[in-house]
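Visitor: The chain contents come next:
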Amino acid sequence: MGGMRQRRKPIRLGRLLIFLVLLAISFTTIYPLVFMPMSAVKGEPEFIRNPYGWPTEPTFENFVNAWRFGKFGMYLGNSFLVVVAGVVLSWAVCSMAGYALSHLRFGGRRLMFFVILGTMVIAPQVIFIPLHSMLNQLGLINMRLGLVLVYVTLAAPFGTYLMTSYFRGIPHELVEAAQVDGANHLQTLWHVMLPVAKPALVTLGIFNFLWMWNELLFSLLILKDDEVRTLMVGVANLRGQYTTNIPYLSAGLFLAALPVLIVFLIFQTQLTKGMTMGSVK
Amino acid sequence: MPEARRRTATDGASMSRHAAQRTDGLAGYLFLLPACLLLLVFRVFPAGSAVWHAFTAWDGVQAPSYIGAANFAELLRDKVFWSAITNNFLIVLTIPLWLLVSLVLALLIHQEVFGWRFFRAAFFLPSVLSPVIIGTLFAAFLGPSGPVNQVLKAVGLRFLALEWLGNPHSALPTLIVVILWGIFGHGVIVFLAGLAAVPKEVFEAARIDGATGWIYLWRIVVPSLRHVIEFWGVNLVVWSFTSLFAFIYVMTQGGPGYATMLVSYQVYQQAFEANRMGYACAVGTALFLMVFGLVLLQIRLMAGKED
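Just so you know, the sequences run in chain order F and D. Here the first sequence is numbered in the numbering used here, starting from 1 and rising by one per residue. Here the second sequence is numbered in the numbering used here, starting from 1001 and rising by one per residue.
There may be inaccurate statements among the hints.
Stated by the list, open to error - Subject to a maximum C-alpha distance of 25 Å in a straight line, what follows is the list of computed SDA-like cross-link-like pairs (lysine to any residue): (1) K198/F <-> E176/F; (2) K273/F <-> V1113/D; (3) K1153/D <-> A24/F; (4) K273/F <-> R1300/D.
No lab work stands behind these hints, which were simulated from the structure alone.
So that you can see chain D by itself, here it is in the shape it has in the complex:
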């Protein structure tokens, strides 16, 4: 598009225009240089290096030695890795619910009920807090004698006063609820932006036709917001695979047992607690393969409509 917009400043200046194009060329590459150099050195090169080291035995101190696909063979037999994958997928299975929560809340706020600006801000609040803060806070809240259990005991629900994060059955669901608390407001904001872009008449027409409740949601809202829901859904799946490290680090360290082990946390643990850098690179490479296609889709949804 900018090319089309481009016009010569003065009539008959095609000579100077050619000259300008040549300088543009050099300037263009020079202006891209800092970004490209950084990305090359600190992102692309380490990615290649990670894949190479996945085929080595390496403790991070001595030189890595090539061992073929042994790390990947071990990966397939590694129970911890499979629990991590299972947990990752269990989390992904709950993402439709996260989408629904955010979508319904966005719709309710979109009705501009009394105080909607306040609600929008309040819901958004957790998503600016660091997972470190959220995790630490909830770990304290949910401790065996923490405030949550004290309240449960006080209202006569003693049987519900679990060791929320310390019990292998409740740890993952509890973790998911905390993560949802941290992220749902971001979804609300995204869907509100989407709703603002839908012509009012679409919703009004549906209302006049008498569409209510689930029918309204499925037939009218979801189709009008398809692009936004796809965008946010893909974002959440990628995010759930790659960005939950801090939650795990401060709340459960993957435990009890491996009940909350995730792939991204296993990479860290193998590398910096077990000093098995080569094996950790193999886990990382597996993670890369899992999210690769999704991130491509994410970029397409983000920039696919450019030009």
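With the rest of the complex left out, here is chain F:
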């Protein structure tokens, strides 16, 4: 008991120290995100005079320029098209596969689960050259559809894994009851399984939204024309050209990060779930 009392004080001091360490590190992660919008509303002359302080003559000129001359409005639209299509198609493809792998009975089911998961050994970075020439032959280069199909493919193994795991937790009686009522499997999936699996769908959707929004390599290779280019390629092209004009660069970066930040603020819990999937059993 005496030992406990003796330790009390150092623990409190320790807690303060822990708090300060955590505070310092969180400063490094939050500061860039404060710096971006703050610099973005400064004109270049003001930024040179006052790079770190609060903006005194806020202007939206950088945003207007990025939107109009930097074509960020157009890129943003392209990114949304690709990502929304990718997320919706992934939902369809992965929940169908997940339903089959969890509640339907057929030969080789277990094997198929591992085959689909096993395609993960093929890293996207290994296949992008043949994939590029194949898309070229299929006429899918410079087509947003081409990028969408590649994204859905890349999302399929993990998405199938996630949906299968979730569906396994849903009692098979629900499926049987629907069958007795005369529903076919597509109807069972749509009317019975998906409503119950909403949390998994949200997790999968957000997870896919994030990486598809952030992806660079395939977008860079598949969508080359300016009219179809996505936002991350637009941002990557800022490099070199504007590295000295930090306010303009900040405006572009902030616009590109904003959708992700909004998703992060609203769906932090679901996002955490998706990003820790498979780690804890």
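On the provided structure of chain F, position chain D as indicated by the hints.
Guide: Relative to the frame of chain F, chain D by itself:
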């Protein structure tokens, strides 16, 4: 397991049960068809194609011509490839440090100090940002006359005001720090999920026994989280081999010289800057061989405990 759960809806319905099994079969394959078709066309086929093209000379325009193992022979002599491999392995060598940073921060947050929810969110924040945004931002911050150097000069550390990404000695370490900034929060989240699954008594018992500091970390925490640490460690190694392209593309393009060249970036460079598609496929195949076993391990850790 679902098989075991499966029961006939009504007594003595074994006939209809047999019929149901047959329809299940067809439906099962049909439901798997979209996923399998996509994976076959856009993932498995290109992988085979990449391996085949690794044995050809191919510029992407004219038909590839078979040249045997010449690309691989060149690979072994290619200084750029070896710098890329060396850099990749140097990065992997720092991964234990990444794990330690995330683990210690997760433990600190797990103590539920004042404001822990805020810290958890703040640490997680960079890992939702695109490497494109992180890289561009830090390239601007770390530029010769960027904010970092201005602050260093202002506080009298002028000698430290390096050309962080432009100097062959500091480029790779700087890159690693930026990457760590981008990923450590994801590790914190993973370890917090792991810690939440460990019974509280384990940690309390250790505390009562007086375990503190490193002993506490090594004897109590690491063994209880072994599975999670393995999982995340393997994930990070695979990720470091395959997913750093965007960082390199926006920050250094492999330079200065080849100081930050990575294998995944060399594949891109050979294919789309040098138009040497066949050779790039050989580099890609080498990359595939490097991560193959690791990804299998990753899948085992992810799904090994299924059923």
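Visitor: Determine for every hint whether it applies to the structure shown.
Guide: Status of the hints after comparison with the structure:
1. A distance of roughly 20 Å separates the Cα atoms of K198/F and E176/F; the hinted pair therefore holds under the 25 Å criterion.
2. For the suggested pair K273/F and V1113/D, the alpha carbons sit about 22 Å apart, so the restraint of at most 25 Å is met.
3. Among the hinted pairs, K1153/D with A24/F is consistent with the structure: their alpha-carbon atoms are about 21 Å apart, no more than 25 Å.
4. A distance of roughly 20 Å separates the Cα atoms of K273/F and R1300/D; the hinted pair therefore holds under the 25 Å criterion.
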